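Enquirer: Each chain is listed here by its residues.
2 protein chains.
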Amino acid sequence: MQNKKLKILHDRLICSGISVSVAESCTGGLLSGLLTSLPGSSGYFRLGVVTYSDSAKTRLLKIPEKMIKQEGAVSAYTAQKMSSSARALASSGISAAITGIAGPSGARPGKPVGTVFISVSTAQRTICRRFLFRGTRSYIRKQSAEKAIEMLIASLHSAKCARS
Amino acid sequence: MQNKKLKILHDRLICSGISVSVAESCTGGLLSGLLTSLPGSSGYFRLGVVTYSDSAKTRLLKIPEKMIKQEGAVSAYTAQKMSSSARALASSGISAAITGIAGPSGARPGKPVGTVFISVSTAQRTICRRFLFRGTRSYIRKQSAEKAIEMLIASLHSAKCARS
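In order, the protein sequence lines correspond to chains A and B. Per the numbering used here, the first sequence starts with residue 364, numbered consecutively. Per the numbering used here, the second sequence starts with residue 364, numbered consecutively.
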């Protein structure tokens, strides 16, 4: 199923000529790994950043340390800032960001293990969805990356094909 | 085998208190994904960048465009610049970088598909090794990430354990 969705996204990015960038926290590079797995992905993949630590989020993505502390590294605010900053950093057409708690530790009040925020950003808008995935650390990471691919596909739904 | 090596690296990083960062090109995030796969990896993993495009290498890692053109995006020069820049960017104790041709296209004179340069950088020195991996795109990427883990372990061989 993953491969099918990835192929759909691949075809849509190639066809539309839209470039993509990624900012990841809990998935640690899995999404970038998937988005660069198909031959020809260099045609659309611009940049991936794995900002695992708060300081990396601040230093690279210019998310104010104060705001990360206030809103939380795992929050809609941080996810949206990650995606919009990645898009700006890479000058890409679209971007996706993932921040969450893959476990087994790291749970906080109101944010159990499996809580993941995924954001997709375009020039028009930045959206964010909150998920609660269940399973092992590995499975939570995989589900997060897969959901981000689905959200990218959905955001590119109305993208016109430059090759007609 | 991969898991065993990863566990060795994990233990060595935890024990020494040394932080790690990564810059990837052809592996597209696989190495970061592996380095963040074990619980507790947030204790040492600082930052990963997937600088797939030349412009990302220039923009994020400050590798001069002119030098990339002159030496090649897949070269010892670029690999070493990627690792030393990632280390500086993340202020990490050690870093690894991978740049290569995972195929199926992209071969150049003297650089067939499977040519991969892997560099490891510490405060003391930056080393680089050239490999020629065989197999599919996916297998070349996996072998590259695994070899980088081996090189990180080797570089940390003499690292003292802060927890004694």
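One thing to keep in mind: the hints can contain errors.
As the list claims (entries may be wrong) - Here are the computed lysine-lysine pairs in the DSS-like style, where the Cα-Cα straight-line distance is at most 30 angstroms:
(1) K523(B) - K370(B)
(2) K505(A) - K510(B)
(3) K505(B) - K370(A)
(4) K370(A) - K429(A)
(5) K370(B) - K505(A)
(6) K432(B) - K474(B)
(7) K425(A) - K425(B)
(8) K367(A) - K505(B)
(9) K523(B) - K368(B)
(10) K505(B) - K505(A)
(11) K510(A) - K474(A)
Hint data in this document are derived by calculation from the structure and do not stem from the laboratory. All values reported here derive from a predicted model rather than from experimental measurement.
Enquirer: Give a verdict on every hint.
Expert: Against the structure, the hints:
no.	hint	verdict
1	K523(B) - K370(B)	holds (17 angstroms)
2	K505(A) - K510(B)	holds (23 angstroms)
3	K505(B) - K370(A)	holds (20 angstroms)
4	K370(A) - K429(A)	violated (39 angstroms)
5	K370(B) - K505(A)	holds (20 angstroms)
6	K432(B) - K474(B)	holds (15 angstroms)
7	K425(A) - K425(B)	holds (17 angstroms)
8	K367(A) - K505(B)	holds (21 angstroms)
9	K523(B) - K368(B)	holds (19 angstroms)
10	K505(B) - K505(A)	holds (17 angstroms)
11	K510(A) - K474(A)	holds (19 angstroms)
Violated hint: 4 only; the structure is consistent with all others.
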